[in-house]
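Q: Spelled out from the first residue to the last, the chains are:
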Amino acid sequence: GNSVTQMEGPVTLSEEAFLTINCTYTATGYPSLFWYVQYPGEGLQLLLKATKADDKGSNKGFEATYRKETTSFHLEKGSVQVSDSAVYFCALSDRFSGAGSYQLTFGKGTKLSVIP
Amino acid sequence: DTGVSQDPRHKITKRGQNVTFRCDPISEHNRLYWYRQTLGQGPEFLTYFQNEAQLEKSRLLSDRFSAERPKGSFSTLEIQHTEQGDSAMYLCASSKDRAGVYNEQFFGPGTRLTVL
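Chain order of the listed sequences is A and B. Each number in our numbering corresponds to the 1-based position in the first sequence with 287 added. Each number in our numbering corresponds to the 1-based position in the second sequence with 1 added.
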């Protein structure tokens, strides 16, 4: 079956520090990969996505590259801000694993706290 | 901005009672998903509708759970004879179907269920 493993948190960084949150996956097919973010008190929002190998997803200064050879999709940001404090979820969608439903399989989430 | 809405936002019930949650997707979205999220975990897929048809159900969806989407618009998730293990955040998401293409799932704010 499909699964996503991401680094455990919480992660605490000072403002302007470099961020990496590791994510690796196991999939039966050729998945699409995503990072979702959940800000305090809000619902999940798609942060970025990549649909094929070597694709780089990017948004709001965050980047992640789809590495098929290492089955990874690590999230990076060069300089975090206090407003980036949130829980980050790595996820995959493998439409061949479930009648083309595009259901998402999520990791457990990594809580990021950025201090001034 | 008419995003995905869920009602109620919070529900406290006693063990053995029945509860029903409602999800209103974005109006032009024909796909609707239900997920469950417990503390410290990522969301887990429960079930999926394409229009009014329920096309996939997770093994997590026991016989006490039932979901409907009459007329392909809003959806309800009912839990009968609730148990303390049902305490979780229930998330609804919707997306627009384009064959062979993954479309972003937009999530609602969730309904937090507490079973006493």
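Note that these hints are calculated values from the structure, not bench results. Errors might be hidden in some of the hints.
To be verified - Okay, derived cross-link-like pairs now, DSBU-like style, lysine-lysine, Cα gap no bigger than 35 Å in a straight line: (1) A:K339 <-> B:K97; (2) A:K343 <-> A:K398; (3) A:K364 <-> B:K97; (4) A:K336 <-> A:K395; (5) B:K97 <-> A:K355.
Predicted, not measured: the structure shown is a model, and the values here were computed from it.
Q: It remains to establish, for every hint, whether it holds in the given structure.
A: Cross-check of the supplied hints:
no.: 1; hint: A:K339 <-> B:K97; in the structure: holds, 21 Å
no.: 2; hint: A:K343 <-> A:K398; in the structure: holds, 23 Å
no.: 3; hint: A:K364 <-> B:K97; in the structure: holds, 30 Å
no.: 4; hint: A:K336 <-> A:K395; in the structure: holds, 18 Å
no.: 5; hint: B:K97 <-> A:K355; in the structure: holds, 27 Å
Against the hints set out earlier in the document, no violation occurs for any number.
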